Amino acid sequence: MSAVNKKRVSIVRIIVIILICIFTFIYLVPLLFVIDTSFKPWTLIKEWPPRVFFKPSIAPYIRIFTARTVFPPGTKLTQEQIDNMTWYQKIVYYETNEEIVRIGDFPSRFANSLIVTLISTAFTIILATFSAYAFSRFNIKGKNDLLFFILATRMLPAVVVLIPVFLMFRKLGLADNQLGLIILYTAFNLSFAVWVLKGFIDEIPVEYEEAAMVDGYTRFQTFWRIIIPQSMTGIAATAVFCFIFSWNEFGFAFIMTKSRAQTIPPWLPYQMGVLGYDWAAAAAGAVLFIIPALIFTVLLRKNLVRGITFGAIRK
Amino acid sequence: MFNRRKEFSSTEIQYRALSDQGLIRLFILPTIILLVVINIFPLFWSLVLSFSNFTAKFPLVWGKNPRFLGIGQYIKLLTDQAIWEKFITTAKYVVLSVGGEMLLGFGLALLLQIKFRGREIITTLLVLPMTMSPVIVGLMWKLFYDPNWGMFNYLLGLGKIDWATDTRYNLYAAVIADIWMWTPFVMLLALAGLGAIPQYLYEAAEVDRASWWHKFTRITLPMVWPLLLVALIFRTMEAFKVFDIAMGISGRGATAPQLLSIHLYDTAFVTWKTGIGSALGYIVLVMIIAITNIFIKYLNKAKQ
Numbered sequence: 001m002s003a004v005n006k007k008r009v010s011i012v013r014i015i016v017i018i019l020i021c022i023f024t025f026i027y028l029v030p031l032l033f034v035i036d037t038s039f040k041p042w043t044l045i046k047e048w049p050p051r052v053f054f055k056p057s058i059a060p061y062i063r064i065f066t067a068r069t070v071f072p073p074g075t076k077l078t079q080e081q082i083d084n085m086t087w088y089q090k091i092v093y094y095e096t097n098e099e100i101v102r103i104g105d106f107p108s109r110f111a112n113s114l115i116v117t118l119i120s121t122a123f124t125i126i127l128a129t130f131s132a133y134a135f136s137r138f139n140i141k142g143k144n145d146l147l148f149f150i151l152a153t154r155m156l157p158a159v160v161v162l163i164p165v166f167l168m169f170r171k172l173g174l175a176d177n178q179l180g181l182i183i184l185y186t187a188f189n190l191s192f193a194v195w196v197l198k199g200f201i202d203e204i205p206v207e208y209e210e211a212a213m214v215d216g217y218t219r220f221q222t223f224w225r226i227i228i229p230q231s232m233t234g235i236a237a238t239a240v241f242c243f244i245f246s247w248n249e250f251g252f253a254f255i256m257t258k259s260r261a262q263t264i265p266p267w268l269p270y271q272m273g274v275l276g277y278d279w280a281a282a283a284a285g286a287v288l289f290i291i292p293a294l295i296f297t298v299l300l301r302k303n304l305v306r307g308i309t310f311g312a313i314r315k
Numbered sequence: 316m317f318n319r320r321k322e323f324s325s326t327e328i329q330y331r332a333l334s335d336q337g338l339i340r341l342f343i344l345p346t347i348i349l350l351v352v353i354n355i356f357p358l359f360w361s362l363v364l365s366f367s368n369f370t371a372k373f374p375l376v377w378g379k380n381p382r383f384l385g386i387g388q389y390i391k392l393l394t395d396q397a398i399w400e401k402f403i404t405t406a407k408y409v410v411l412s413v414g415g416e417m418l419l420g421f422g423l424a425l426l427l428q429i430k431f432r433g434r435e436i437i438t439t440l441l442v443l444p445m446t447m448s449p450v451i452v453g454l455m456w457k458l459f460y461d462p463n464w465g466m467f468n469y470l471l472g473l474g475k476i477d478w479a480t481d482t483r484y485n486l487y488a489a490v491i492a493d494i495w496m497w498t499p500f501v502m503l504l505a506l507a508g509l510g511a512i513p514q515y516l517y518e519a520a521e522v523d524r525a526s527w528w529h530k531f532t533r534i535t536l537p538m539v540w541p542l543l544l545v546a547l548i549f550r551t552m553e554a555f556k557v558f559d560i561a562m563g564i565s566g567r568g569a570t571a572p573q574l575l576s577i578h579l580y581d582t583a584f585v586t587w588k589t590g591i592g593s594a595l596g597y598i599v600l601v602m603i604i605a606i607t608n609i610f611i612k613y614l615n616k617a618k619q
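Going line by line, the protein sequences match chains A and B. Start counting the first sequence at 1; every next residue gets the next number (my numbering). Start counting the second sequence at 316; every next residue gets the next number (my numbering).
Treat the hints as calculated values from the structure; they're not laboratory data. Mixed in with the good hints there might be a few duds.
Stated by the list, open to error - Once the Cα atoms are required to be at most 25 Å apart in a straight line, the calculated DSS-like pairs of lysine-lysine come out as:
id: 1; chain 1: A; residue 1: K258; chain 2: A; residue 2: K171
id: 2; chain 1: A; residue 1: K143; chain 2: B; residue 2: K618
id: 3; chain 1: B; residue 1: K391; chain 2: B; residue 2: K588
id: 4; chain 1: B; residue 1: K530; chain 2: A; residue 2: K7
id: 5; chain 1: A; residue 1: K171; chain 2: B; residue 2: K379
id: 6; chain 1: A; residue 1: K171; chain 2: B; residue 2: K588
id: 7; chain 1: B; residue 1: K372; chain 2: A; residue 2: K258
id: 8; chain 1: B; residue 1: K612; chain 2: A; residue 2: K143
id: 9; chain 1: B; residue 1: K530; chain 2: A; residue 2: K258
id: 10; chain 1: B; residue 1: K407; chain 2: B; residue 2: K391
id: 11; chain 1: A; residue 1: K76; chain 2: A; residue 2: K90
id: 12; chain 1: B; residue 1: K372; chain 2: B; residue 2: K391
id: 13; chain 1: B; residue 1: K430; chain 2: A; residue 2: K6
id: 14; chain 1: A; residue 1: K302; chain 2: B; residue 2: K430
id: 15; chain 1: B; residue 1: K391; chain 2: B; residue 2: K401
id: 16; chain 1: A; residue 1: K46; chain 2: B; residue 2: K475
id: 17; chain 1: B; residue 1: K588; chain 2: B; residue 2: K372
id: 18; chain 1: A; residue 1: K6; chain 2: B; residue 2: K530
id: 19; chain 1: A; residue 1: K171; chain 2: B; residue 2: K372
id: 20; chain 1: B; residue 1: K430; chain 2: A; residue 2: K7
id: 21; chain 1: B; residue 1: K588; chain 2: B; residue 2: K401
id: 22; chain 1: B; residue 1: K616; chain 2: B; residue 2: K530
id: 23; chain 1: B; residue 1: K407; chain 2: B; residue 2: K612
id: 24; chain 1: B; residue 1: K379; chain 2: B; residue 2: K391
id: 25; chain 1: A; residue 1: K55; chain 2: A; residue 2: K90
Every value quoted in this text rests on a predicted model; they were computed, and no experiment measured them.
With the sequences and hints as input, model every part of the structure.
See below:
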């Protein structure tokens, strides 16, 4: 290639790289806007055109955590009363002239999300590791049919399954119950986890186990002492995927929970009216909720392709 | 579509496998039982319900609730003009969103073929929307779309269009959010496909002084095609069922885009027409299976 040509190629290259960076920024604008909004002071919320740069306020985060009442107009608090306030009470008082009455629903919904997600992930991983190992290492009659059956359960439109499950759970008292959601999510993620974990276990050479069994290990011991430690990365990646799926799930939670066991996804979008169109607080809730998923995405980036194709594509 | 690993053929393992039947059962049965109870049994129950006028709102009285109607519900649904309109809306949603995702995702993957420092960071940043909760993505876009203080109209200079609740636009509002969320999915698969193309093919083409277009249509496209089809299958299936993005943006009922999946939820759990909801669910299920099968046929052809 001539020198001129080479130079032209490198200029094109730089331009394309710059374009990619600009595109990435534009692509993330909706996300950045929501993060930006979650720090907006009350007085700027309804401003048009929307302002992007301002002195950030933490008040929206306090508002999403609390239930408040407005001080009656004309109320003058004495200096002593103000001094007795905690820092968050002060912030809310100065910004929206409100008094914090109690903790809001957000923390309990968030806790529900955490409990349901963590426990269902643990169950899924335990069941799936055993099954994946068996599917990977043994000749099982009708194995491919069984595996296909497991996969097919994941592809069903949820509603078809949800109607009878709802009737069943209502009968058993599992509606609006954390245990009900945990069972549902475990079943929902199980097919995925078995497929992905089987892929990881397939990659461990059988020779390890053969050697161990020659040394007198039983089948279960080889499973426990060799397969589990060897597939730890795979187990961790699968667990993170299950966490993300359950954390984000909306349809089941929307139908199955009303208040006591409700998680964030069916709760937050319907708070707009309740929050008195407090966009900043809604944005704050959304930001808090997506943080775990974002962190896990970054941790998972090497295994993402494998996960989203159910282990079919192993980069 | 999925890798099938060869069974271990060493006689040693086969011999041991025979002696391990108990262990196998212990390891597999819990999974199978849970899936049967939570997925398969309800599936059949739904089928039975779909032939009846059962409503979950009232207690069960045999002969009255449920009363069995045979295929009456199906005939009623399939001859209902309103359902067909919803079906067309859904098809529009699927074609627009999946089409947009395929084009944008593949385009991005092609651009990201260039190796540069920070490429991995860019890829990770672009992937972020994919792992957020769809309904929260819907909420975020609702904030972004808001005509009174959101950024969307302002940035595009569009005036006061109410994307979320105006029935002329709310379908497209959902499509845009869907594309935003799922383009990274296609991009990741396309990147995996592009990365697997052997470099010597391009070098050979270079020797032949093949044009860029020639290389693209004769090497790149045929080599990534199977993975693009996989992405297409996954996305089409999901887009057909999806309702949470649209619900996050527009809520339910009259303000929401008239998607089959939202209607299905309303029928089953808002108006409590459990029987007819099940029937509609089955119609959707059959449609998804049919469409997926067509794609998988293409996929198998492309792989040959």
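Name the hints, by number, that the structure is in violation of. 9
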